[in-house]
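Enquirer: Each chain, written out:
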Amino acid sequence: SQTIHQWPATLVQPVGSPLSLECTVEGTSNPNLYWYRQAAGRGLQLLFYSVGIGQISSEVPQNLSASRPQDRQFILSSKKLLLSDSGFYLCAWSVERDYGEAFFGQGTRLTVV
Amino acid sequence: GDSVTQMEGPVTLSEEAFLTINCTYTATGYPSLFWYVQYPGEGLQLLLKATKADDKGSNKGFEATYRKETTSFHLEKGSVQVSDSAVYFCASGGKLIFGQGTELSVKP
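In order, the protein sequences belong to chains W and P.
For the first sequence, the positions run 1 to 113 when the working numbering is used.
For the second sequence, the positions run 1 to 108 when the working numbering is used.
For the record, the hints were derived by calculation from the structure and aren't laboratory data.
This one's a predicted model, so the numbers in the text were calculated from it and none came from an experiment.
We put the beta carbon where it would ideally sit given N, CA and C, even for glycine.
Which residues of chain W face chain P? A few of them, derived with a C-beta cut under 10 Å, are: (1) 32; (2) 38; (3) 103; (4) 106; (5) 107.
From the derived model, a few chain W residues whose C-beta atoms are all more than 10 Å from chain P: (6) 1; (7) 18; (8) 29; (9) 63; (10) 69; (11) 70; (12) 113.
Here are the simulated distance ranges between beta carbons: (13) 43(P) with 13(W): 18 to 24 Å; (14) 57(W) with 108(P): 43 to 49 Å; (15) 9(W) with 55(P): 34 to 40 Å; (16) 9(W) with 105(P): 22 to 28 Å; (17) 101(W) with 68(P): 15 to 21 Å; (18) 57(W) with 56(P): 30 to 36 Å; (19) 13(P) with 40(W): 20 to 26 Å.
If we strip away everything but chain W, and leave its shape as in the complex, we get:
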């Protein structure tokens, strides 16, 4: 069966520090991968999605970047965090050629102080 792992679960980082959140999927090949941010009261905002290794689409210009160095690995990064980067970050995957039904990780609560 397929599983998705996302870590860390919580993170407190100072302003200006770098960020690296990792997400891996097991049990499937060539998944579509997504990074979302869920801000309080604002729903889910799509940040990045990827249909294959090295293929990243950015939905919202901002202080973050994403990379997909391996088929089932998706990394969210920042060189210098801002206070406004605080939020709940969710990784998700869906089956190739069916961009719909997605499966979510447990999320990372990021607090920038």
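Got chain W; can you put chain P on it based on the hints?
Expert: What follows is chain P alone, placed relative to chain W:
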């Protein structure tokens, strides 16, 4: 670009009341449409989906019909329970864009 708009919450209902949560979308083509649910303290999970116009998705007493002519996918349930209290998200396929979420609170 693609977008999903759903009615704002919070929505507070008494047990056994009728529920409607509106959702409309804009998209290129005819994407699959989804409702996800997030129970308190849990992650998102798929509630139901519809893959083409006039399809009706259903699960746990919830229903939603894919209406191409009105670009809508409203969520309905005839009799809500306290256990239905959660945040509900409408989403469209393709890029998998989500609406802003609607918090439902059902009182006994």
